[in-house]
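I would like the entire structure built from these sequences, with the hints used as guidance.
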Amino acid sequence: MSKEYMLAVPVDVISPTSRGSKIEDVLAELKRVGADRVWMCGINRGTAAEEVKQADIEMIRRGLEVFGKAGFEVGVWICSLGHGGLLTPDDVQDRSDRYVLMRGVQSKDAIPGNYCPGSEPFVTDFSDWIARIASTGVRMIMLDDDYRLSTRSFGAGCCCDMHMEEYRRRLGGEKVERSDLEALIYKGGPNRYRDAWLDMGHDMLVGLAKKIREKVDQVDRTVRVGFCAVMGTWGSDGADAIEITKALAGATRPFLRTIGAPYWAWSSPAEKRVQYVVNSTLIQRYWCRTEDIEVFSEGDVYPRPRQVVPANYLEMYDMMLRASGGMDGILKYMSDYTADYGYETGYFDHMAHHRPAYDWIETHFSGRTAGVDAVAFHDTIRESDLGKDGNCWAPIDDQFHLSFMTPLADTSLPMTVGGGSVHAVLGENGKYVSPELAKDGMLLDIVAALHLAARGVDVGIESDGETVDLPDGLEFFKDYPGAVPRGAAREIHKVRLKSGAVVLSRADAKDGIPTSYRYENASGERFYVLTFRSGHLSGGRGINRTYYRQRQMTETLEWAGRQKLPAVCFGWPDLYLVCRKDGDRMTVGLFNVSPDEVIEPFVKLDGDYKILSTFGAQASEEADGVKLKSTVPPFGFAGLHLQKVD
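To convert, note that position 402 of the sequence shown is 402 in my numbering; the numbers rise steadily by one, no gaps.
Fair warning: there could be bad hints in the mix.
The calculated lysine-lysine pairs, modelled on DSSO-like cross-linking and capped at a C-alpha distance of 27 Å, are [claimed, not checked]: (1) K581 to K644; (2) K53 to K215; (3) K629 to K610; (4) K581 to K439; (5) K215 to K246; (6) K478 to K510.
These aren't lab readings, by the way, just hints derived from the structure by calculation.
This is the structure in C-alpha cells:
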C-alpha cells in the first residue's frame, strides 16, 4: 500500500516485556499491515511519582531503539488534562492535592484526575515532563483528546474557584455564581457572558500549548508536538484545533488527529453511523486546507477486542476515507492495550485480508471528489442562537456531530467539500455562507433558510410561523403514492411560503404541515428547503431515512443545481457512495455499511460511461447507468472505474 497515506498504530510499550509477548511478534504484525509509524502509549502524563516517570523514560528509550531499528517512525502519545477514568494511568491520589481540579458547569464537585490547565503546579509538571520526553530523541509527541474543556462528564469547564474569580474579572467584577453559568452562556443569542467564557477557555488552552512548546524548544526545537482534536476544540472551548496544534508545533510542521471514530457507530448506531463519522472527518480535513498541517483520522475501536467492536467498522471507515482522498493517513487502533499481543490479532487479520481492496482504491481513486457540496464552518457557537434550553451539550451535538451530515448520509448521496456543485447549507452554517453560492442551487434546513432570509436572500419564505416538535408519524409526498413512516421532526416551522414555492411533502396528512418545498427566486436561484432543524434522529429512524426522501432529495437537488448528481443508488439503507472524477474518468465506490446485502443494485450515473475496471462485483453497462450482477456483502466494498462516452 502507498506510503503517501501514513498508517500509524498505537502500541503499549509496556506489553512486550510485561505480558510475555515476543517483540518480534509485535513487529511482524505491524509489518504485515504495512505500518509506517508507531505511537508508544501506556505512559504517564508527568503527574506520577519520580520512580514511575524514570521507568517510563527507560521504556521510551527502549522502544525507540527497537521500533526505530525495525524501520518505523516512532512517537510518544500521552494523556493531558485527564479523561477522569480508566484512560488515565496515573497515581492520581498522590498528586491531586498539588493540582487544581477541574470544575464544570454541571458538576457539584471537582472531578478527580481532571486537572485545570491554569493550575501552575500542573502546568509546570506537565510541560517539564513533555520536555523530558523530547530529550529521549523521540521525534513526535502527541497529546490525547483530553486536551479539552467541554464534552466531559460535567458538561463544560473549567469553572474552578480560580477561574470563577478570573471570569468575574473579565465581566468587570459582576458577581456571577457557578450555578448561573449554563443558562448565561448556553441560552439564547450572542452575549457578553458567552464571549467572556470562550475567551477564557481560549486563553487556557492556547496558553498551556505555548508553555509546552517553550519547554520543548529548550531541549530540541525539531521535536514535533501535536494533539488529538475533540468536538469542543472545534468551537465550544473558545480555541480551535488549528490554533492549538500550531501553538504546540512551534517552528515544526503541525500535526492533528481528527475527532470521529468507527466505534461511535457501534456504541451509538442511531446517532453516529459510520458514514456520519466519515463525513465529519472529511470536513475537518477541509477546515485545515489552508494550513500546512499533517491531518490523520481517528481509527479507534475502543474499547477492543472484537467481542466489543467488530473489525469491519474500522475497515469500512478506513476504506471510505482513503477512497474520498485528502487525508494524510490514519491512526489505526489495531493492537490491544491490556492483553497479550497474541490475544487479539483480528484487527490486523482483517486489514491484511482486505489488502486487495486497499490496493484497488489506491490505484483507481484519483482526481476530485464529486457530489453535493457540504458547506460547514467551525467556531460558530459564539454567534449562534442556542435556543431556550440553556444546556451546554446541545450546541456541541447540533453544530458538530450531525447537522450537516445526516441529510446527505441518510440518503446515500455522494458528498464533496468545497466543490462547485449544488451546496448543502444546514443549521448555523446559513449565517456564514456566501450568498453568492446560491447561484449554484442549495439544500437548506429551516435554520439555514431563516439565516439567509435575514441576510436578504429570497428563499421563498413570506413569514416565519409557530415552531413545533412532531413525534414519529407519517409523511405524504407530492410526487409519490401513499404515506411512509417518518421519524420525529424537531423544530418544524409552520412557515408561510411565497407564491411560486412548491410544497413537496407534508407531515401526517396530505394537507398537513409542509416538511419540504422547492423554490426559484427572481434571480434564478433555486432552493430545496427542509422546514425542520436537520441533524436530529428519533429511535434510529430519522425523518430523512426514507426511500421517498432519498428520491425527492436526488431529484430536487438535480433541479436546484441544474445538473445530474454523479452517481446515485436508490433503495439501499446505509449505502455510502464515493465519487472521484479525473478528466473523463470517474471512479465510484459503493460501501455497504449495513447488515443487509446490497443485491444487484443499479447505479444511476450523470452520463454514458463504459466500464474499465471493477472490484468486488460483476457489472454491465445499461441506459443511464451501470447494473451490478452480484451483491455487495454486509460491510463490503464494490468499485467501478468508468470512462465517459461522448
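Checked hints:
{"no.": "1", "hint": "K581 to K644", "in the structure": "10 Å, holds"}
{"no.": "2", "hint": "K53 to K215", "in the structure": "17 Å, holds"}
{"no.": "3", "hint": "K629 to K610", "in the structure": "16 Å, holds"}
{"no.": "4", "hint": "K581 to K439", "in the structure": "23 Å, holds"}
{"no.": "5", "hint": "K215 to K246", "in the structure": "15 Å, holds"}
{"no.": "6", "hint": "K478 to K510", "in the structure": "8 Å, holds"}
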